[in-house]
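J.: Chains as they are written, first to last, in this note's numbering: chain A, 96 to 666; chain C, 96 to 666.
These are computed hints drawn from the structure, not numbers from a lab.
Just so it is clear, the structure is predicted and the values come from calculations on it, not from any experiment.
Be careful, since some hints might not be right.
[Said to hold, decoys possible] Covered stretches of chain C, going by a simulated chain A footprint (3 or more residues, C-beta under 8 Å):
| id | stretch |
| --- | --- |
| 1 | 97–110 |
| 2 | 132–140 |
| 3 | 158–172 |
[Unchecked claim] Here are the simulated lysine-lysine pairs, DSS-like style, with alpha carbons at most 27 Å apart:
| id | chain 1 | residue 1 | chain 2 | residue 2 |
| --- | --- | --- | --- | --- |
| 4 | A | 576 | C | 526 |
| 5 | C | 526 | A | 221 |
| 6 | A | 233 | C | 221 |
| 7 | A | 526 | C | 526 |
| 8 | A | 589 | C | 221 |
| 9 | C | 192 | A | 409 |
| 10 | A | 526 | C | 578 |
| 11 | C | 104 | A | 526 |
| 12 | A | 221 | C | 630 |
| 13 | C | 597 | A | 595 |
| 14 | C | 334 | A | 578 |
| 15 | A | 143 | C | 576 |
| 16 | A | 221 | A | 146 |
[Claimed, not checked] Every beta carbon over 10 Å from chain A, so not counted as near; a handful from chain C, in silico:
| id | residue |
| --- | --- |
| 17 | 186 |
| 18 | 187 |
| 19 | 199 |
| 20 | 227 |
| 21 | 236 |
| 22 | 238 |
| 23 | 262 |
| 24 | 284 |
| 25 | 315 |
| 26 | 461 |
| 27 | 466 |
| 28 | 513 |
| 29 | 564 |
| 30 | 635 |
Each residue gets a CB set at the ideal place from its N, CA and C atoms; glycine is no exception.
Residue-level listing of the chains:
2 protein chains.
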Amino acid sequence: MEMNRLMSKTQRELPADADTVSQQLLHRAGYLRQLGAGMFSLLPLGLKTLKGLERIIRNEMEALGAQEISMPIVHPAELWQLSGRWESVDQELLRFKDRLGRYYCLAMTHEEVVTQLAAQFVSSYKQLPFAVYQFQTKFRDEPRPRGGLIRAREFLMKDAYSFHETATDFAEFYSQMLKAYERIFEHAGLEIMTVASDTGLMGGAGAHEFMYLNPRGEDTLILCNSCGYKANRQVAQFKKVFENTEPLPLEEVATPEVATIEALAEYLNISEAKTAKAVFLVDEGGVEERLIFAVIRGDLEVNETKLATVVGAKRFRQARVDEIIAIGAEPGYASPMGIKRKNVLVVCDDTVAQSTNLVAGANKVGFHLLNTNYGRDYSADRVADIAAAKSGDTCNVCDARLSEERGIEVGNIFDLGTTYSEVFDASFLSKDGYKQTLHMGCYGIGVGRLLACIVEAHHDEEGIAWPKSVAPFDLSLIVLKDKQSNEPFEVATKLYQTLKQKGIEVLFDNRDENPGVKFKDADLIGLPLHLTVGKRGLERGMVEFKNRQTGQKWECTLENALESVLAWEPG
Amino acid sequence: MEMNRLMSKTQRELPADADTVSQQLLHRAGYLRQLGAGMFSLLPLGLKTLKGLERIIRNEMEALGAQEISMPIVHPAELWQLSGRWESVDQELLRFKDRLGRYYCLAMTHEEVVTQLAAQFVSSYKQLPFAVYQFQTKFRDEPRPRGGLIRAREFLMKDAYSFHETATDFAEFYSQMLKAYERIFEHAGLEIMTVASDTGLMGGAGAHEFMYLNPRGEDTLILCNSCGYKANRQVAQFKKVFENTEPLPLEEVATPEVATIEALAEYLNISEAKTAKAVFLVDEGGVEERLIFAVIRGDLEVNETKLATVVGAKRFRQARVDEIIAIGAEPGYASPMGIKRKNVLVVCDDTVAQSTNLVAGANKVGFHLLNTNYGRDYSADRVADIAAAKSGDTCNVCDARLSEERGIEVGNIFDLGTTYSEVFDASFLSKDGYKQTLHMGCYGIGVGRLLACIVEAHHDEEGIAWPKSVAPFDLSLIVLKDKQSNEPFEVATKLYQTLKQKGIEVLFDNRDENPGVKFKDADLIGLPLHLTVGKRGLERGMVEFKNRQTGQKWECTLENALESVLAWEPG
Chain A
96 MEMNRLMSKT
106 QRELPADADT
116 VSQQLLHRAG
126 YLRQLGAGMF
136 SLLPLGLKTL
146 KGLERIIRNE
156 MEALGAQEIS
166 MPIVHPAELW
176 QLSGRWESVD
186 QELLRFKDRL
196 GRYYCLAMTH
206 EEVVTQLAAQ
216 FVSSYKQLPF
226 AVYQFQTKFR
236 DEPRPRGGLI
246 RAREFLMKDA
256 YSFHETATDF
266 AEFYSQMLKA
276 YERIFEHAGL
286 EIMTVASDTG
296 LMGGAGAHEF
306 MYLNPRGEDT
316 LILCNSCGYK
326 ANRQVAQFKK
336 VFENTEPLPL
346 EEVATPEVAT
356 IEALAEYLNI
366 SEAKTAKAVF
376 LVDEGGVEER
386 LIFAVIRGDL
396 EVNETKLATV
406 VGAKRFRQAR
416 VDEIIAIGAE
426 PGYASPMGIK
436 RKNVLVVCDD
446 TVAQSTNLVA
456 GANKVGFHLL
466 NTNYGRDYSA
476 DRVADIAAAK
486 SGDTCNVCDA
496 RLSEERGIEV
506 GNIFDLGTTY
516 SEVFDASFLS
526 KDGYKQTLHM
536 GCYGIGVGRL
546 LACIVEAHHD
556 EEGIAWPKSV
566 APFDLSLIVL
576 KDKQSNEPFE
586 VATKLYQTLK
596 QKGIEVLFDN
606 RDENPGVKFK
616 DADLIGLPLH
626 LTVGKRGLER
636 GMVEFKNRQT
646 GQKWECTLEN
656 ALESVLAWEP
666 G
Chain C
96 MEMNRLMSKT
106 QRELPADADT
116 VSQQLLHRAG
126 YLRQLGAGMF
136 SLLPLGLKTL
146 KGLERIIRNE
156 MEALGAQEIS
166 MPIVHPAELW
176 QLSGRWESVD
186 QELLRFKDRL
196 GRYYCLAMTH
206 EEVVTQLAAQ
216 FVSSYKQLPF
226 AVYQFQTKFR
236 DEPRPRGGLI
246 RAREFLMKDA
256 YSFHETATDF
266 AEFYSQMLKA
276 YERIFEHAGL
286 EIMTVASDTG
296 LMGGAGAHEF
306 MYLNPRGEDT
316 LILCNSCGYK
326 ANRQVAQFKK
336 VFENTEPLPL
346 EEVATPEVAT
356 IEALAEYLNI
366 SEAKTAKAVF
376 LVDEGGVEER
386 LIFAVIRGDL
396 EVNETKLATV
406 VGAKRFRQAR
416 VDEIIAIGAE
426 PGYASPMGIK
436 RKNVLVVCDD
446 TVAQSTNLVA
456 GANKVGFHLL
466 NTNYGRDYSA
476 DRVADIAAAK
486 SGDTCNVCDA
496 RLSEERGIEV
506 GNIFDLGTTY
516 SEVFDASFLS
526 KDGYKQTLHM
536 GCYGIGVGRL
546 LACIVEAHHD
556 EEGIAWPKSV
566 APFDLSLIVL
576 KDKQSNEPFE
586 VATKLYQTLK
596 QKGIEVLFDN
606 RDENPGVKFK
616 DADLIGLPLH
626 LTVGKRGLER
636 GMVEFKNRQT
646 GQKWECTLEN
656 ALESVLAWEP
666 G
């Protein structure tokens, strides 16, 4: 591609609201332009890079025997009503009416459509397993699109779906897919961490996420550097230590103006681990709202994802004061003791249920109770692990200290079990002649987000420095203009033709610009290898190479330039 | 691809509402499945065929120097408000609100976005001409989606846009694009007719459509078999013959219960060409509605597209009786004589303005006027050609008789002039240093519709019969199962591997089905060449070929099978 024709434009200035390095560089280097909040046009450089990533992903999908299909972006509401997600998914699902008043949504995922297709297609165990995938535009009405392609509203996604006879067959395929994902990211030059994760709006039995570690990531990962345990904080576990002493008698104590755990511990001169904390949330995702009263030891925090899984909630909001008072609890001094249990679900973390003699609220302004004991003094509707792991907690596997990292999720895989197959009656006749429900998995990669993360991982002060495997072109060929002689231009043009014929993808900077501009633009655009043809070098029969990632430069004779390009590998 | 794994399923039954051959066959042969009205999932066979068409189109676009980009599907309302199309385009443009209440639309075309990009990118004449294209999903909220992929609501479109210094430069590129389009359709095996057409919602100065002739087409073409003149009826011209005699005095005549042109001509025993007909339409596309009073000779019909162009209307509806009466005209007996001219735009076809002594309405129930003469008795706000050409009319070019055909539009190209460039300030500095506005063109192909039209053109009773250039696979390899021997299967499997290694795309029917089913399915799916391996043939060392399009069969030795496939060309 000749640069004087390329629809692109490098810029020194930053776009106004570009809040990540990748967004800044992809804009400045002319890979994309923003159309609106979370919506981007991909210019030729951007689209070419994206298509390279598609190829890497497609190869791995095909190797697994998955078949490429294409499902619509616009889905009738009825399908999503069948799965229940029309109601359960938040405003991220963009819903609208057509001219006849029928409801539709812009798909952010395709479980409904693909399961319906599978139900039409599969009839016998002989057809299993089978897997399909697509590259499709998705739309997610993000409340806060940011970071350019990292959190866009309209974005390209590879989504794959697999169907199996049994959970065992599925597990085998799932682990193959997990390895294929790890190969994809490795091939794309992105170091990722595979972590256990929550199933979120997908439902189903289990999931993994592929995380690019980055301080600006929106996810928190809990890691054990000793045994290698790693999980999204949403599901991360840790070892809880309980103090278990002889129960003492309940005793009311005045605690004037002590309405937080911190103040309470200080006032009574005890550790926060000797207290019980009350957290009130409302599950607003169901047909009717439900008040959830979570109780956890004072030194811990409630993990809302774990709590949601325990109570089967779709979406929480903070409870209002009047909702707390309505059940007879006193904000700031609340505990499950003496409340009306009719319109509330009480969930105790196991730390609370297994500790003795905790200080808890007396449901009376200015008073707490000493020596409360679960079982003797109060009970719960559920006892479960609803505590959030954090840096410094003890690893559940090896007793070492856990640490935290931030990450950006570039892919995820889910065990969907029979959640969707049951709804859409996707079944098959087993070898024994019984009707059975398909076991299903789904597998996503945000292709645009992956592209942005590669830039986050591979750049320097001067610009992008693509790994060879994903660069939109192999080579920047730069000719230095010369007022006296046309020779450099002629030599470079000939070299450009020769390289192209050999299948090298060349970005030929044939523009009428100064050397400084050309070098700066080549660094910004970030192709792995740069080759400069100038008058001074040619006088000695030489051309100059540069390795963009290392900055290393070397000369080579013009005659050997082609061979050098063909043989070159980044150090 | 092994058929026992292919996500597809041939069916004998027709889908309930499939109203075209292509929709029936593409469904029955397992290329696609309908998700909702005008929305389709492409199964592996369908997507592979579509991608083949993409390749054919992409090659021609690249040969013209056009660069591939990708613009969003969801557009902010502001852009379309700037161009005026937010208001002027009908309900086909699907509009909706996001969670913050901001308005967006699902793009059916991308002039606004691409012109804004061009404005950012182009600054100098040195960058011109340049052209970009994309393959992008479009959504058009069709009132009556029908014919499967022929008139879908969600569909894949190739849209290209070009930008030029001058109208002359543009014209040169436009004619190259026109030829490229003709090559694309030829390569895809679809015979098309290139016709002049209306600019419709694109605006601009001129346009061509690429029509596949088909009795079920929604467009009517006017053709001259003598000189080759051809145009969409919307813009087609024809030679009008006027009778011009000495004007006679105006005379009122009683015409009781004669409220149609046909009845009037019969009652007065004159030809319809001696009458003037009144047609009342309301332009409802503007800020305020406007009544349009069109007058045309009684033997002709008003062409609403021509009329819309003359008066600059966006969209017409029939006028109501009360609207006609309000200007002092009498429905059934209306003419421009004596009406209130304030709230109506009168447009006369040139046949009316240039004929003499026509019979016209007296604006009084039961009465007409004899010998009305334009200029003497009444005037119009506009005189123009607003007449619809029809079969039997005289060719404007060569005086031969015109004929009509129905067609399906598979592509179109438009001269947009500076319509969008002016709105988005897409300009450049000319060689002389002046700021000039870009001259722009746009070029569309409905890729899914093209696919369906190829099926309409290439099928028989048994199924689809793809041209070699667009078939999803090169070859159907059919193995006939044999209870006694495993040899056919082993031979066929080996042949499958060999063919694949040579780059032949093979659909290998390795299913456990009877020969009859396999032959029927192969005919239905419609790959150009079929190769059958069976026990009887193998006993003589032979395999059997079949040309799907001609039905011709021939034998070949197993040893020569590969060579035969490589050398084969459809007759």
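J.: A separate judgement is required for each hint: does it hold in the structure or not?
T.: Hints and how they fare:
no.: 1; hint: 97–110; verdict: holds (count 6)
no.: 2; hint: 132–140; verdict: holds (count 6)
no.: 3; hint: 158–172; verdict: holds (count 11)
no.: 4; hint: 576(A) / 526(C); verdict: 21 Å, holds
no.: 5; hint: 526(C) / 221(A); verdict: 69 Å, violated
no.: 6; hint: 233(A) / 221(C); verdict: 38 Å, violated
no.: 7; hint: 526(A) / 526(C); verdict: 77 Å, violated
no.: 8; hint: 589(A) / 221(C); verdict: 22 Å, holds
no.: 9; hint: 192(C) / 409(A); verdict: 24 Å, holds
no.: 10; hint: 526(A) / 578(C); verdict: 21 Å, holds
no.: 11; hint: 104(C) / 526(A); verdict: 20 Å, holds
no.: 12; hint: 221(A) / 630(C); verdict: 25 Å, holds
no.: 13; hint: 597(C) / 595(A); verdict: 25 Å, holds
no.: 14; hint: 334(C) / 578(A); verdict: 63 Å, violated
no.: 15; hint: 143(A) / 576(C); verdict: 46 Å, violated
no.: 16; hint: 221(A) / 146(A); verdict: 34 Å, violated
no.: 17; hint: 186; verdict: 4 Å, violated
no.: 18; hint: 187; verdict: 8 Å, violated
no.: 19; hint: 199; verdict: 8 Å, violated
no.: 20; hint: 227; verdict: 6 Å, violated
no.: 21; hint: 236; verdict: 5 Å, violated
no.: 22; hint: 238; verdict: 7 Å, violated
no.: 23; hint: 262; verdict: 22 Å, holds
no.: 24; hint: 284; verdict: 22 Å, holds
no.: 25; hint: 315; verdict: 25 Å, holds
no.: 26; hint: 461; verdict: 43 Å, holds
no.: 27; hint: 466; verdict: 49 Å, holds
no.: 28; hint: 513; verdict: 20 Å, holds
no.: 29; hint: 564; verdict: 21 Å, holds
no.: 30; hint: 635; verdict: 33 Å, holds
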